[in-house]
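A.B. asks: Chain residues, written in single-letter form:
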Amino acid sequence: MATPAVHVVDLTKHYGDVHALDGVSLQTEPGEIFGLLGHNGAGKSTLIRILTGRAKPTSGRAQVLGHEVPRELEAVRGEINLVAEMPNVYQRATAKENLELFCTLYGVPKSRGTDALEQVRLSSVAGRKVKTFSTGMRQRLLLARALLNNPRVLFLDEPTRGLDPQSARDLHEIVSVLAQGGSTIFLTTHDMNEADKLCQRVAFLADGKVVALDTPRALKLGLRNEAPEVDVVLEDGSDTRLKLGEPRDAQQLQDLIGARRVRSLHSLEPTLADVFIHLAGRSLQDDHADEEEHKR
Amino acid sequence: MNLGRVLAILLKDLRDAMRDGRIIVLLALPIGLAVFYNATIEDDDELPKASVAIVDPAGGDVGRELRSAAGKSVDVEFVEARDEAAARRLVAEDDSAVAVIVAPALRGRPARAEVLVGADASPTAQSVVALVPDALTRAAGREPTAQTQVRSVAATDQKPYELIEQRALAVLIMIVMLAAFVAMMVVPIQTAEELETGTFGALRLAATGPEILAAKALAGFIYGAVGIAVTVAITKLDVHDPLLFYGAGLAMIVSLVGFGLLLGLLVPNANAINTYGSFGLFPVIGLAAAAFFVDSGILMTILDVLPFSQAARLMGDGLSAQQPFDAGPVAWAVIAAWALLGYAILARIASRKEL
Numbered sequence: 001m002a003t004p005a006v007h008v009v010d011l012t013k014h015y016g017d018v019h020a021l022d023g024v025s026l027q028t029e030p031g032e033i034f035g036l037l038g039h040n041g042a043g044k045s046t047l048i049r050i051l052t053g054r055a056k057p058t059s060g061r062a063q064v065l066g067h068e069v070p071r072e073l074e075a076v077r078g079e080i081n082l083v084a085e086m087p088n089v090y091q092r093a094t095a096k097e098n099l100e101l102f103c104t105l106y107g108v109p110k111s112r113g114t115d116a117l118e119q120v121r122l123s124s125v126a127g128r129k130v131k132t133f134s135t136g137m138r139q140r141l142l143l144a145r146a147l148l149n150n151p152r153v154l155f156l157d158e159p160t161r162g163l164d165p166q167s168a169r170d171l172h173e174i175v176s177v178l179a180q181g182g183s184t185i186f187l188t189t190h191d192m193n194e195a196d197k198l199c200q201r202v203a204f205l206a207d208g209k210v211v212a213l214d215t216p217r218a219l220k221l222g223l224r225n226e227a228p229e230v231d232v233v234l235e236d237g238s239d240t241r242l243k244l245g246e247p248r249d250a251q252q253l254q255d256l257i258g259a260r261r262v263r264s265l266h267s268l269e270p271t272l273a274d275v276f277i278h279l280a281g282r283s284l285q286d287d288h289a290d291e292e293e294h295k296r
Numbered sequence: 001m002n003l004g005r006v007l008a009i010l011l012k013d014l015r016d017a018m019r020d021g022r023i024i025v026l027l028a029l030p031i032g033l034a035v036f037y038n039a040t041i042e043d044d045d046e047l048p049k050a051s052v053a054i055v056d057p058a059g060g061d062v063g064r065e066l067r068s069a070a071g072k073s074v075d076v077e078f079v080e081a082r083d084e085a086a087a088r089r090l091v092a093e094d095d096s097a098v099a100v101i102v103a104p105a106l107r108g109r110p111a112r113a114e115v116l117v118g119a120d121a122s123p124t125a126q127s128v129v130a131l132v133p134d135a136l137t138r139a140a141g142r143e144p145t146a147q148t149q150v151r152s153v154a155a156t157d158q159k160p161y162e163l164i165e166q167r168a169l170a171v172l173i174m175i176v177m178l179a180a181f182v183a184m185m186v187v188p189i190q191t192a193e194e195l196e197t198g199t200f201g202a203l204r205l206a207a208t209g210p211e212i213l214a215a216k217a218l219a220g221f222i223y224g225a226v227g228i229a230v231t232v233a234i235t236k237l238d239v240h241d242p243l244l245f246y247g248a249g250l251a252m253i254v255s256l257v258g259f260g261l262l263l264g265l266l267v268p269n270a271n272a273i274n275t276y277g278s279f280g281l282f283p284v285i286g287l288a289a290a291a292f293f294v295d296s297g298i299l300m301t302i303l304d305v306l307p308f309s310q311a312a313r314l315m316g317d318g319l320s321a322q323q324p325f326d327a328g329p330v331a332w333a334v335i336a337a338w339a340l341l342g343y344a345i346l347a348r349i350a351s352r353k354e355l
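Protein sequences appear in the order of chains U and Z.
Each residue of the first sequence is one higher than the last, beginning at 1 in this note's numbering.
Each residue of the second sequence is one higher than the last, beginning at 1 in this note's numbering.
Everything labelled a hint here was simulated from the structure, so no lab data went into it.
Please note: incorrect hints may appear among the correct ones.
Listing some non-contacts, in silico: residues in chain U with all C-beta distances to chain Z over 12 Å [stated by the list, open to error]: (1) Glu29; (2) Leu65; (3) Thr104; (4) Leu142; (5) Arg145; (6) Pro151; (7) Pro165; (8) Leu234; (9) Asp274.
Below, computed lysine-lysine pairings styled on DSSO-like, alpha-carbon distance capped at 27 Å [claimed, not checked]: (10) Lys56(U) to Lys353(Z); (11) Lys209(U) to Lys220(U); (12) Lys209(U) to Lys56(U); (13) Lys353(Z) to Lys209(U).
C-beta atoms are modelled at their ideal positions from N, C-alpha and C, and glycine is treated no differently.
Full structure from sequences and hints, please.
C.D. replies: Structure representation (structure tokens):
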């Protein structure tokens, strides 16, 4: 059996009285795209900090590629990388200089920087100062930096936040290609569609605990059993939502079909967002609203 | 610790500094002020002068050697006298403080000279007299069996600032300012900016926390060392003991950089450090300057235990042949103790912050 890419057992991390992680256990396999979802402050970033060797767990075990982190970080330093949520690149340096620094730090040839820039379609601006880049270009530069050491485990912390749809799609494509090549992708995101589309399995983290872990399909199916619904668009242009579990709604649907008044019928599959709201009590979008409120 | 990674981060820091207007200003300001003071302050602290009447049939070798032996302690001015009688007259009439009459055919024969001084010879004249045997021996082509060095000793009521040229003192204080700027502003700004923008976290993926901090400390030492060397070169500062002077300057930077890194970790806001940091530096520069003016009381006790005032004293000693402070091992120990304290606290805080 292959060594798990990430193996976490009963992991806790306390900051004083705050329990950022409270007995988290999970495992990811080589080549898997694994999603970690949760509200702000649920412990996602703390888990990534521990797995990338930048924080020590209070208790429990965290292994990356079979090595205990952060104790044996040096053994896996060249095998992992991270695309952070923050565009943490050197603004006064050029894209090329940014990557050359990390080529030196990772001990890989500087030509890897040129290749990585090509991979994220930034070759034409390699000599430009990063401070002149758009948000999307900076995010692509972050990804290029994360590709320098050809990581076997790539952590992505909200990689598409603030990106336009085209840039987000490009990033998804690159990530999918990496996973097909055997790299494990460990993704945290607020975007449920992104998680649904990309991830083979997702874990929901709430208050430092894993409250659900499965494939997106299994999680959605689990919720559908409780309340299957259909959206009915009528010939007159109006629409209505009916719950098939309710006898009155089921009869109404039969009547509408019998009267040939139905223009289209859409089964309402629960989304991952529905699953999350069901499990955590509020939507991840609320976090964005909170952030906006905080900014104001 | 991987030295290759330290070097890569160090080079990145140096390059980034040269592109950061704030840092260029912080490094250029003290050097510019040093140049300004150097150009505008006129010195009235001249060397004591001594007029020496000389009779030297050998052609002036003794005079040259005597001037060389006097070095920077006495400004010797020679008056050629035709014979002993003329030389005696010059001393008697107080036109010359000393007369040196060298015996003819000096080379290959025992060196001989007659020295005449007035009855009320000044200490400066007496110091010139003391140098004559060395000068004679050297003029005869031999090394003296024992070497004499004349150093004036400060009067007990002379303050250190009276023993250093005002121009040199101003430049020295600007060098302290440069060291303080480097250690307490440039290094913290670079550190804080890395934390603020998250690039510290990016580096931590590829390097250890101690490697990153070591690179930043080294960058501070380089800014300081180059800054001091440039200041001394541009101002043509006359450093009597370069080893002591530069050693003390670097030791001060080393001892302060630990605290500078600490400041950067604790206040991860580069603009705040840039805006308000200079206020915190006024006491540092003021207390370093006070070392030259204060010689008693509670302030003296405070100065005794501060690394920058001790470093200023050592640099003052390096600047003047008269060693105004004669600050020795205690000064070095104070600087070393602060350095150890700073890096120990830094290690503790960095560990607690999981850097």
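A.B. asks: Of the hints stated earlier, which fail here?
C.D. replies: 3, 4, 5, 6
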